[in-house]
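Here the sequence shown stands for residues 1 to 392, where the numbers follow the working numbering.
These are calculated hints, taken from the structure and not from any lab test.
DSS-like cross-link-like pairs, simulated, lysine-lysine; straight-line CA separation at most 27 angstroms: (1) 361 <-> 383; (2) 316 <-> 369; (3) 317 <-> 298; (4) 360 <-> 316; (5) 156 <-> 298; (6) 247 <-> 329; (7) 329 <-> 361; (8) 317 <-> 383; (9) 317 <-> 360; (10) 7 <-> 180.
What follows is a set of in silico ranges between Cβ atoms, one per label pair, in the way DEER data are often shown: (11) 69 <-> 390: 50 to 56 angstroms; (12) 361 <-> 70: 55 to 61 angstroms; (13) 173 <-> 33: 24 to 30 angstroms; (14) 56 <-> 155: 48 to 54 angstroms; (15) 185 <-> 138: 31 to 37 angstroms; (16) 229 <-> 173: 30 to 36 angstroms; (17) 264 <-> 47: 30 to 36 angstroms; (18) 264 <-> 24: 30 to 36 angstroms.
This structure is a prediction, so every number in the text was calculated from the model and none was measured.
Beta carbons are placed, not taken as given, at the ideal position from N, Cα and C, and that holds for glycine.
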Amino acid sequence: MVSINEKLLSVVVPVYNAEAYLSRCIESILNQTWRNLELILVDDGSDDGSGEICRCYGERDGRIRLVRQENQGVAAARKSGTMEAKGQYLTFVDADDYLDADLYEQLLPHMESAELVTSGYYKEGRRFFDNIAPGAYETKENMEYLYGNMIYLQNKNIRGLTSYVWNKLFLTRIAVDVFKETSDQVFVGEDSEFLYRYVLKCRTCHITKICGYHYETNESSIIHSINFNFLNSVTALYLSLEKDFRKSPYSHVLMPQLAKWILSLTDSTFEFFGFEKPKKVKRLGYINPFINRLEGKKVILYGAGLIGRNYLELYKKTQEAEVVLWADKAFEIYRNQGLEVCPPDQIGETEHDFIIIAVKKQETAMEIKRELLSMGLREETIKWQPPITTEL
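Let the hints inform the model, and build the full structure from the sequences given.
Laid out in C-alpha cells, this is it:
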C-alpha cells in the first residue's frame with residue numbers, strides 16, 4: 001500500500017500578466033517542505049513577461065510543467081491544468097499569492113481519510129476560516145449538515161465554506177469529473193461553481209484551522225473590471241448549479257441557499273456595469289403583531305409575500321414559536337425561488353396551535369379565513385391583525 005508521503009500533489013497555477021508577483025508565488029511552491037509535488041503553470045495568453053518567467057523556472061526545476069493557451073480566463077486555465085495533472089491530489093494557487101513553506105505538509109495527512117480538505121487564509125494581515133466547525137465530516141448525518149450550511153449557515157446571513165479553491169486540497173479524479181460539468185460561460189463565481197459541485201460528489205470532508213495561504217489583493221483583477229456580460233454570467237452560474245441542486249436528495253437545503261446567493265451577486269451589477277452605486281434606499285418592512293404572544297406554540301404562517309417572509313425571519317431570530325408550516329396558494333412560484341412553501345391543503349394535516357395570516361389588507365385576510373374555515377379548521381386558531389410597519 002502506497003503511503004501518503006509517496007503520493008504526488010499537483011499544484012495548478014493560472015498565469016495571466018502576473019510578472020510582478022509570479023516569482024514569489026513560484027518560489028513559495030517550490031520551497032514547500034512537502035517535496036513530492038508537480039507545479040503546472042498555465043500561461044493564459046499573457047502579454048507581459050509572465051511567459052518568460054514560467055519558461056526560466058521550467059528549465060531550472062524538473063517538477064515544473066508548462067501549459068500555454070490563448071486567453072480564456074482563470075476557470076479555463078484551472079481546467080487545462082487539471083487535465084494535465086498526474087498527481088492523486090490536486091490544489092490551486094493564484095499567481096499573485098504565496099504560501100507558507102509547510103502548508104501542504106500540514107494539510108496532506110488529512111487527505112488519507114477525506115476527499116476534500118479545507119484551510120484558512122491570510123488577507124491584509126487577518127486570518128479567515130470556514131464558518132463551519134473544524135473536524136472530519138464522514139457520516140451521512142454530518143455530511144447532510146455540511147450540505148445544509150455549504151453556502152450559508154442555516155437561518156443566518158453568514159457564508160459557510162470559504163468559496164475559494166486555492167485554500168483547499170482535492171482528489172484529482174473527482175476534480176476532472178467536476179470540470180467536465182462546469183459551464184464555460186461562468187466568470188463570476190467560477191470558484192464556487194467548481195467547489196459546490198465538488199462537495200456534492202464528496203463522501204468525506206475535513207475542515208481544518210490550518211492557515212498558510214496568503215491572498216493578495218490585485219487591483220487589476222477581473223473582480224475590479226467593467227464587464228457588460230456580468231448578468232449573463234450570473235444566469236449561467238445559476239442554471240449550471242440549479243439542475244444538480246434540484247435533483248440532489250438534499251435539494252430542500254440546497255435550493256434556498258442557491259437562491260439567496262444568486263440574489264446577493266446581483267448587488268454587484270452596478271460595479272460591473274461601471275455605474276455609481278446609489279445610496280441604499282430605506283424600504284418598508286413588517287413586524288408580526290403576535291410576536292411575544294405565542295411563546296412555545298406551534299404556528300402555521302399563511303402567506304409567502306414580503307410580509308410572510310418578514311414574519312418567518314423574525315420567528316427564526318427570536319425562536320419564540322415553532323413555525324411548523326409555511327403555506328400559500330402560489331406555493332409553486334415560491335418554490336421555484338428556492339423557498340420551502342407548501343400548498344394550503346397541507347394545513348389540516350399539520351399539527352399546530354395557531355394559523356397566522358400574513359397579509360396586509362383586512363379583506364384579503366378575511367377571504368383567506370373563510371377558505372380555512374371551509375376546510376374544517378377552528379376559528380379560534382386563526383389569527384390576523386394588521387402588520388406593524390417599520391423601516392429596514
